[in-house]
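> Position chains B and C against the provided structure of chain A, taking the given hints into account.
Protein chains in written order, with my numbering: chain A, 3 to 182; chain B, 3 to 182; chain C, 3 to 255.
Read the hints as simulated data drawn from the structure, not as lab findings. We treat Cβ as the ideally placed atom computed from N, Cα and C, and that holds for glycine. There may be inaccurate statements among the hints.
Computed cross-link-like contacts, BS3-like style, restricted to lysine-lysine with a CA-CA straight-line distance of at most 27 Å [claimed, not checked]:
| hint | chain 1 | residue 1 | chain 2 | residue 2 |
| --- | --- | --- | --- | --- |
| 1 | C | K113 | B | K111 |
| 2 | B | K83 | A | K29 |
| 3 | C | K131 | A | K154 |
| 4 | C | K152 | B | K121 |
| 5 | B | K121 | C | K131 |
| 6 | B | K111 | A | K86 |
| 7 | A | K83 | B | K121 |
| 8 | A | K29 | B | K136 |
| 9 | A | K50 | C | K131 |
| 10 | C | K131 | B | K83 |
| 11 | A | K83 | B | K50 |
| 12 | A | K158 | C | K131 |
| 13 | C | K152 | A | K158 |
| 14 | B | K154 | C | K152 |
| 15 | C | K131 | A | K86 |
| 16 | C | K152 | A | K170 |
| 17 | B | K29 | A | K83 |
| 18 | C | K113 | A | K154 |
| 19 | B | K111 | C | K103 |
| 20 | B | K111 | C | K98 |
| 21 | B | K50 | A | K55 |
Now the stretches of chain A that chain C is said to cover, found in silico as 3 or more residues with beta-carbon under 8 Å [what the hints assert, rightly or not]:
| hint | segment |
| --- | --- |
| 22 | 11 to 25 |
| 23 | 34 to 48 |
| 24 | 52 to 65 |
| 25 | 76 to 85 |
| 26 | 133 to 144 |
| 27 | 154 to 160 |
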Amino acid sequence: MPTLFPDDTKSIIEALLFVSGEPLSLKVIAETLGRDERDVLYYLKEIKADCEKTGKGFILTEVAEGYSFVTRPEFAPYVEKIAKPRLMALSQAALETLAIIAYRQPVTKSEIDEIRGVKSESSLNTLQERGLIKEAGRRDTAGRPILYVTSKSFLKYLGLRSLEELPKLQETEKIENESK
Amino acid sequence: MPTLFPDDTKSIIEALLFVSGEPLSLKVIAETLGRDERDVLYYLKEIKADCEKTGKGFILTEVAEGYSFVTRPEFAPYVEKIAKPRLMALSQAALETLAIIAYRQPVTKSEIDEIRGVKSESSLNTLQERGLIKEAGRRDTAGRPILYVTSKSFLKYLGLRSLEELPKLQETEKIENESK
Amino acid sequence: MNYEVKIPDFEGPLDVLLHLIEKNEIDIYDIPIALITEQYLEYLAGVGELDLELTSEFLLMACTLLSIKVKMLLPKHKKAEEDEIEEDPRQALVEKLLEYKQYKEKAAEFKNMETAQSIAFWREVDEVKLLSEFPAANPLGSVSLQDMLKAYCHVLRRAERKKEVISIDREEITIQEKIREIVTALEERPGGVVFYELFSSVRRPDEVVVTFLALLELARRGVVMLRQSGLFADIIVFLRIEEGERTSANFVS
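Bound conformation, chain A alone (with noise of 0.2 Å):
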């Protein structure tokens, strides 16, 4: 079965899962290759057998979809360091028009524009970005605004079971007013 090179069949298979972000399926490799897909799965097992053996930093996994390298799960705390997006803190501005969106739900940007005075724009976009708010329709009338409304994981990064538990208003002066 193992045939003419062996070791770089199995080298191309390596290079071919890295360079994949997605996992690859046997056929795939196969058909790269030109090789039936018995013997690549022959490779594979062998990859995988190295991964475990050498104490790699990556290992291979099966998924529905395929085969594909991961980094070792255990490292996921380094890892996590490089991947992971850093975030700024929120602008004030952004923070008001989020609080003008979670209490007047739904709400077009040039209500928010009024409300808050100034133009939301960018900070609309910062809230979206992050899946803070998201559009929900448009309003029916003149020129057909997008309607914004906060998000699920709005909710969640609050501790909020749902927008009924957002403090009344008449709290939130209470807030106001003891926090002066």
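Frame of chain A, contents of chains B and C only:
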């Protein structure tokens, strides 16, 4: 120098290199691990040797002020079948413009035009779109023209470790004058 | 003289000159300007149409060459050799050519490096997957519920102060909402509703318009029917029920 779990450190470095799409600098690796850069360098050398020795599908290269795994060049015929298609090679005009920027950075569009004897507008656009050059402020002269410099991707694109590795210009005399 | 059938793709006038210098095996520091000018003009004539921007640059170079040629034909001042070193009219051009030449050569080296790099592949990182594996930190950062409330109060107070200037926030009713309202009302009254009744609770003029538009829209979609038994009789609005059930939700999609 090597410490508690030497093997783990090496594997973690592998995991970091594996997960990062961009070359990782010694500094970033060392900070992520909370280790000395010297230690990291030691392991990087070992990882490099491992890749060579065991005929892996990928090798460790030093490029763009950092380290990165890349597929073994001789496997390119297979890898390119599954990798995302590459962008077209740069045109002669773009390469000339890139060379002028690489050696004379920071440099303005009109300086480039002057040297090439033709307009470089579209080359500049191409290079900027591909992230090989970037703007770096403006020259404090009439019209405040934009200054261009090469990016990190430029180093990666040509396989250079740093700008110091650029092939030397023959007219050393001239360059010295310019750099003053 | 042999004309090249295929005109090589030059990057500009300097590139053409370098090509001519190379082809004629000329010392760049001692360019036979008459010969080069002649060949350059021949080249220009051969290219046919250039795009307008390039044309001007090629023509400018032709002028430069011709003016150098003229300067070189002019008799030199007799005592020039003794008194001062007279500048070669070709000097500026030679410098430009040399400078361009070195970058052109580097461009060729870049080309080789580019080719060499094109067979090394970087890992394609699946950003989406990474994000799901390592979800971004709390997108709110350290913002607490209280922070948000404070921000809201702050905004409201600011808006309050400006209220006299700003138009008062009025309740807007959309056609969509009105449609929903009408359909709900009609569903409860299979016998139909008198047209005017639909406007009985409407107080503001814009709401009248919205109500009317909503009715028109419903009629257009075939959701409601309007019936009038005679001239000046009441117009009755019915919900048109078709086979299968409809809920008000269907009408507002």
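> Hint by hint, note whether the structure agrees.
Hints, one by one, checked against the model:
1. K113/C to K111/B: holds, 22 Å
2. K83/B to K29/A: This hinted pair holds, its Cα atoms lying about 14 Å apart.
3. K131/C to K154/A: holds, 20 Å
4. K152/C to K121/B: Status violated; Cα separation ~55 Å.
5. K121/B to K131/C: violated, 43 Å
6. K111/B to K86/A: This hinted pair is violated, its Cα atoms lying about 37 Å apart.
7. K83/A to K121/B: Outside the cut-off at roughly 45 Å; violated.
8. K29/A to K136/B: Not satisfied, since the Cα-Cα distance of roughly 42 Å exceeds 27 Å.
9. K50/A to K131/C: Between K50/A and K131/C the Cα gap is close to 22 Å, so the pair holds against 27 Å.
10. K131/C to K83/B: holds, 22 Å
11. K83/A to K50/B: holds, 23 Å
12. K158/A to K131/C: holds, 21 Å
13. K152/C to K158/A: With a Cα-Cα distance of about 19 Å, the restraint between K152/C and K158/A holds, given a limit of 27 Å.
14. K154/B to K152/C: violated, 43 Å
15. K131/C to K86/A: holds, 11 Å
16. K152/C to K170/A: Holds. K152/C to K170/A sits at ~12 Å (cutoff 27 Å).
17. K29/B to K83/A: holds, 14 Å
18. K113/C to K154/A: Violated, because 51 Å separates the two Cα atoms, which is more than 27 Å.
19. K111/B to K103/C: holds, 18 Å
20. K111/B to K98/C: holds, 17 Å
21. K50/B to K55/A: Holds, at roughly 18 Å.
22. 11 to 25: holds (count 6)
23. 34 to 48: violated (count 0)
24. 52 to 65: With 0 residues close enough to chain C, the hint is violated.
25. 76 to 85: holds (count 4)
26. 133 to 144: With 5 residues in contact (Cβ-Cβ under 8 Å with chain C), the coverage given for the segment 133 to 144 of chain A holds.
27. 154 to 160: That given contact holds, which follows from 4 residues of the segment 154 to 160 of chain A lying within Cβ reach (below 8 Å) of chain C.
Going down the numbered hints, you'll see the structure goes against 4, 5, 6, 7, 8, 14, 18, 23 and 24, while the others check out.
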